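**Student:** If you want the building blocks of each chain, they are given just below.
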Amino acid sequence: MTTLLSVEKLEVVYHRAITAVQGITLSVQQGQIVAILGTNGAGKSTTLRAISGFLGIDDARVTEGSVAFKGRRIENRPPNEVTRLGIVLVPEREKVFPNLTVAENLAAPFAPAMSNAQRREREELIYQFFPRLAALRARIGGLLSGGERQMLAIASGLVCRPELLLIDELSLGLAPVVVEDLMQRLVHIRKELGITIVIVEQSAAVALDIADYGYVLENGRVVLDGDRERLTSHGDIQEFYLGQSSGDRRSYRDVKQYRRSRRWYG
Amino acid sequence: MQLTVNIVVLASIYALIACGYVLIYRVSRVLNLAHGELMMLGAYLLLATANSFSGNPAVAIAVAVALSLTVGVMVYVFLMRKMTGEMVLAAVLTTVALGILLRGVMVLIWSAQQQYPGQALGFSNPAIALPGGGRISTFAAILVLMTALTYAALFVFLRFGTWGVRMRAAGQNPLLAAQRGINLHAVYALAWGLSTLTGSIAGMLIALDSGLTNTMVIIGLKAFPAALVGGLDSLVGALAGALIIAAAEVLSIQYIDPLLSDVVPFLVLIAMLVVRPWGLFGTREELDRV
Amino acid sequence: MSDRMPRASGYFRTGYAQEMALTKTRLERVSLGAFVIALLVYPHLASPFYLDLASQVFLASIGALSLMLLTGYAGQVSLGHAGLLAAGAFTAGILSKELAAPIYVTIPAAAVTGAVLGVIFGLPSLRLRGLYLAVSTLALHFVVVYLGGEYETKRGFSTGITIDTPVIFGFRLYGGKIWYFILLAFAAATLLICVNLLRSRSGRAWRAIQAHETVAEALGISVAGYKLLAFVISSAIAAVAGALFAYYRSFVSVEAFSLFLSIQYVAMIIIGGMGSLLGALLGALFVTLFPYLIEAVLLKLPDAQSYAGVLFAVNYAAFGVVMILFLVFEPQGLVGIWRRIQSYFLLWPFKHKPVAGARK
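Protein chains in written order, with the working numbering: chain F, 8 to 273; chain B, 5 to 294; chain C, 919 to 1278.
In case anyone wonders, no lab produced these hints; they're calculated from the structure.
A quick note: this is a predicted structure, and the numbers were derived from the prediction, not measured.
Glycine included, C-beta positions come from ideal geometry on N, C-alpha and C.
Keep in mind that the hints are not guaranteed to be accurate.
Here are some chain F residues the structure puts well away from chain B; computed CB gaps all over 12 Å [claimed, not checked]:
1. 16
2. 25
3. 48
4. 87
5. 112
6. 216
Where chain B lies over chain C, by a calculated footprint (3+ residues, C-beta under 8 Å) [stated by the list, open to error]:
7. 946-955
8. 1064-1071
9. 1136-1148
10. 1211-1219
EDC-like cross-link-like pairs, simulated, lysine to aspartate or glutamate; straight-line CA separation at most 16 Å [to be verified]:
11. B:86 / C:1248
12. B:86 / F:232
13. C:1072 / B:261
14. F:77 / F:88
15. F:16 / F:199
Please construct the entire structure, taking both the sequences and the accompanying hints into account.
**Tutor:** In structure tokens, the structure reads:
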């Protein structure tokens, strides 16, 4: 398996003052589905944004470390360049164009080197992945339901022919049934298109269901990583992320103290 | 009847200029307060090409039009691009400074005298008698036609053209547009080019109709309330706003006081800002985007 | 006046009086004293031309300080400052011409006019922000200038209103030196008012509103009240500046108060450096002297005569270029440059101040 994406000791600083991510190292193999887990503010979204590129208005920079895609360094490049190299981000918020129709949302993305016929073929393929969208072609993006909007977001990302698809907080605000459905579609898309997927999730149970490998982030650092079996059987993951405690009742105070003093082992 | 003709002509002038403000604002949230000066530059470019290609008006016009498009793109590429990512207000002040710079340069190159590109091109401007008793000069009629054509073309382009959709997308969510492979700088440069092009056409036609004077910049400035009253990000709004402002101006000159002509657009603007700041057809969120 | 830079050790404040003092260290006191002495001595050494130059700078400073208060500190963008200057000038002109009012009546009257206009200019700020607020102030500027023009035409002063030399208690206020000191006094008073306003509750409220309006409101600051206060105070001061301008030139005409003048004042606070009273002063100095600089440069060029006719166009072009340069390359203005020089010397041999929040 070749390493598609390699992030080494990444450090991201916002507004020249706030270090959001300190020394993250992770790698993604071709064809995998990799999950990045962690609570709020752990730095998951920042890591994805750092990979896919910041705009000037974000006032953020990768100040140390590197992001390498297929061997080439890509950190601190503008998002449209990174997209053309083959990495596409489905962001957490504002993931569709609210005043464009579904069809226009799929027409707007810029796909490198595709003739009109190839473009139409691609769109048809995407409509097969998401049949619901085909029925909604003329609906305005902002009026879609949460699940439909997420489908549209992924679909518009796929138009750009990514080799690596980054999805930020897929499950946020969606009913479990809808999330389950989307996850299965992702597995299907991975199989059909042969792309690699990185999903960032707060909900570890959902992510570990389909992921091959996972990283756990806390306070801007990687504290644990492993394949699915390792993560789901790891005691701390079970307790803090999967909600399964082992053994007798414990008081909340014990848990909190333990959390503060525990040490992660690799 | 003549009153109606005057309103239609003035509204066409304002509308043709206003769509330039709307194009740039809709796509990049920047208010281009140098639009009046760029419009005047277009007219001067026509004068220059008219003198160079004096035997061949068609070529002169074509070259001037092409030059205006280039000027708009260059203004973005060499100046405004450096201000993307900065605060919108700083970008707007940059356009103000650009306008001042252009005004000085235009006087230095061409002097402040009144010029007549129509004469240089050998055009005459006879008045056409209209059914109902009104009269309209030839170039004013051409201007009304051009406004209609321009708006039709813009509507079609933004609605159905691939890059039109991309321009709208970049206006709604620049970050997402970039993440979908759209080169924002290219989109913005296109917006600036189109805006300067339409403004220059307006400037050229005004100059061909009634001469090239300093008042052209004032006309450009008065067209901006038209854009705002209609809604800074709506082309339909620019049309509506232009009609309203033109009607208010012509009627108040006729029935109240001729001196009011320069201030009426701004009175209408103030009224609109008090009642409905985002304009008749603008999107409401615009207000909070500072 | 805030302690941004590290100070030499051994500097302690032991009482509230010391905390409140305007000059805190001996160096500050000495430099301020030397500066004041230089200002007082200047008129006796300078030719009338340079005297007039200095007076113009003082006059511009009054307007620039008031605009800095409004836009630089309270965050309310105003592109209509020339309208307020015009209002003050016309108040002085109308009152002295129609009612033969003396100067100690017209100047306060101008302040009152400014304050009333300030409320009108400020009302849009309760609903609008940023770009839309700037646009509303622009529109109001045109309305004010139109009214001035109406008055001129209707009363027959088509070329402008001339104002007689003001007389206080039999003493004629005439002459370069007298006006130098009058304008210096007003500029100093304005500076003192601004400094104290900014150190007080109003100043803190304005800074809060500029930083984050919603949070300021949530903290109990009356955002609407303080916004209007900023407009009222700034407009009153600007109107006084306009009235002084009318007396200084003995002439009021609506052409002097164009949009370009508004932009010049905005340029003053940008080139000077937003959010700093020193910036307002530096900006006023720069923008006032700039045309003279351009003229001097042009005269040095060969073929100088041919440029004489287009001097104003060269001024426009050069002004536009400088404003663009500052906006693109030095958004923090002259004060930013000054602070960089300061910190270079104060921090040497270190290169950078430690950034708050950085790990290193």
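**Student:** Each hint: holds or not?
**Tutor:** Hint check:
| no. | hint | in the structure |
| --- | --- | --- |
| 1 | 16 | holds (25 Å) |
| 2 | 25 | holds (18 Å) |
| 3 | 48 | holds (20 Å) |
| 4 | 87 | violated (5 Å) |
| 5 | 112 | violated (8 Å) |
| 6 | 216 | holds (26 Å) |
| 7 | 946-955 | violated (count 0) |
| 8 | 1064-1071 | holds (count 4) |
| 9 | 1136-1148 | violated (count 0) |
| 10 | 1211-1219 | violated (count 0) |
| 11 | B:86 / C:1248 | holds (12 Å) |
| 12 | B:86 / F:232 | violated (42 Å) |
| 13 | C:1072 / B:261 | holds (12 Å) |
| 14 | F:77 / F:88 | holds (15 Å) |
| 15 | F:16 / F:199 | violated (33 Å) |
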